[in-house]
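Chemist: Listed below, chain by chain, are the residues.
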Amino acid sequence: MARFIIKRTLLGLFTLFVIITVTFFLIAGAPGDPIAAKVEQMPEKAQRVIRAKYGLDQPVFKRYIIYMKNLITTGDFGESIIYTGRSATDVIKANAPISVKINIIALLAQVIIGVFLGLVAALNMGKSVDHITRVSVVLAICIPSFVFAALLQYFVAFKWRLVPVFGWGKPAHYVLPVLAYALPGIATYAKYMRSSTLSVINEDYIVTAKAKGATQGRIVRKHILRNAMIPIVTMLGPAIAGIFGSSFVIENVFAIPGLGSYYVNAVRDNDYTMVLGLTVFFAILYVAALILVDILYGVVDPRIKVAGGED
Amino acid sequence: MKNNILLEVRNLHISFSTYAGTVQAVRGVDFSLNVGETLAIVGESGCGKTVTVKSIVRLLPQDVAKIHGDNVGITLDGEDLLSLEEVEMSRVRGKRIAMIFQDPMTSLNPTMKIGDQIGEVLLIHKNVSKKEARLQALELLQMVNIPNAEQRIDQYPFEFSGGMLQRVMIATAIACDPEILIADEPTTALDVTIQAQIIELIKNLQRERDMGVILVTHDLGVVASMADRIHVMYAGQIVERGTADEIFYSPKHPYTLALLKSVPKLTEDKQEPLYSLIGTPPDLINPPHGCSFAPRCEFAMKICRIAEPSPTLFGGYHESCCWLHHPKANKSGVPEILLREVV
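Heads up: the protein sequence lines correspond to chains A and B, in order. The numbering used here numbers the first residue of the first sequence as 310 and each following residue consecutively. The numbering used here numbers the first residue of the second sequence as 33 and each following residue consecutively.
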């Protein structure tokens, strides 16, 4: 196991290196530069001083070397070009916990509720519970989360006045964003769980379990659940990344001071250091999530360990 | 002999609703199993043998399979299994009647340790702790001759070979000391040397524990070495029944004879192609009139396609459903073995 984790971590680091490099050159190649708009009225000389300060007068390659050297030796993402004195690290420290909190709650809700719904639907295949779940699942998958956000804001917050429309700080502020965020995910998990449960139910070992005298409840708990969860674990990696992606939108809709708004603004302003810093941060999370899923896979399905080169 | 009967199946009809129509998979099967006896049900694929034995422990999908028939009954020691509640039935399964299946590779849960799968049946039926269940599982593994049982107990099915998995299935089946072991084609998915070992294992365990065994197979070689009585099934009916000697040495039904002829023999001339029965079993959505074997039977007469033959008794238990044994039947050209008087 340890060897497997080390191997995956090294590969992950290589992936990060590639991501940073590609992002660096992509941003550098994008039209415009971060200070062009701001310094238009400044005298030529002042402009040059500012450019020199951020190293923008250097060739791209040299900038890349300097950036990488700083990143590796100090772990510093650098100072924002737009907001003087604010570094990407500060922004991440201050705002990431907010995003992460929402994301984790939403992800847990998605997996737990989705898996439960899918399981119940599959076990009652052809009955009304199944039909209702299937129709709602298709609807919920098709409707994007920002539409849910607007609907929830209108009904739950504005008409019924159960929770605040937007804002941040109190526990009640969590309700709508988490719901809006989780609904499409719940539906997706329910859909996958339903179909994987249905295929597991028809396996020979379920008949064996029944022939051993196991009751329906025991068969579900001991034999169906774990085997039907295998495809769900596969989905978790991309899901963790996806949940970061869609949080930009939700954070904007509900005016949540998460990382999302900073990321969007940084891209709009060509704020090189911020974009890079946040990208690297997301990439680290993503790669870590994938490694975690690979490990989880081995926990859920014992057959995977062999493929990992252990034995 | 009568009070020795452990399991009795009476006038069993099973039909499946499918999109194409209702398949009458089993059409009036009767048999009984005595204490400690081995009963074989033999027939080609699709003749209803697996369906018959699965219905004994009610493992058929309830939504599509219908069990019916006048005065139909499956009784275990006088208790009607068909009328039991599902919960009561689950106390019979694995404890009083255990079952092993055709394909051991798919019949074990891939994500559960071998020891836990054997122990599960003990946890369900016997009031044992997890620790005790594990200890007993270990003993059972040793009993079915799994080498290094102490290590093997914590492994997963993918780490076992097919033959070893079938041993695990057998260990699971005998864990609660059942009165009846149903073995549904236990050797079909295994290679020949392993087949012999598995059959030997079942035979030994049966002798030690005085279990009744119902052996379902299409392999007459397997049957010969262990069955006391044999039932030959064709198209959902039992066409001939008798002791192993009667079936092997004086078959009375042309289908039985065809089955026997299609077994390769060591003494046979290797240049001669092996006998094979022409045609396929009838469509059980619309079973043929008369004898269902008539369309493939080389001795079929006019009457065979009109009326169903009733069983002719040849003394003892030996019985066959064939018009050839009617006094008025034209017996010219029929092999002597089918007609021979039994002494």
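Read the hints as simulated data drawn from the structure, not as lab findings. Treat the hints loosely; a few may be bogus.
Quick list of simulated restraints, FRET-style, between CB atoms [to be verified]:
hint	chain 1	residue 1	chain 2	residue 2	range
1	B	Q187	A	L325	30 to 40 Å
2	B	E111	A	I314	36 to 46 Å
3	A	L460	B	S77	53 to 63 Å
In this text, all values refer to a predicted model and were calculated from it rather than measured experimentally. No residue lacks a Cβ here, since even glycine has one placed at the ideal position from N, Cα and C.
Chemist: Hints first: check each against the structure and report whether it holds.
Modeler: The hints, checked one at a time:
| no. | hint | verdict |
| --- | --- | --- |
| 1 | Q187(B) with L325(A): 30 to 40 Å | holds (37 Å) |
| 2 | E111(B) with I314(A): 36 to 46 Å | violated (56 Å) |
| 3 | L460(A) with S77(B): 53 to 63 Å | holds (57 Å) |
Comparing the model with each numbered hint stated earlier shows that hint 2 is the single one that does not hold.
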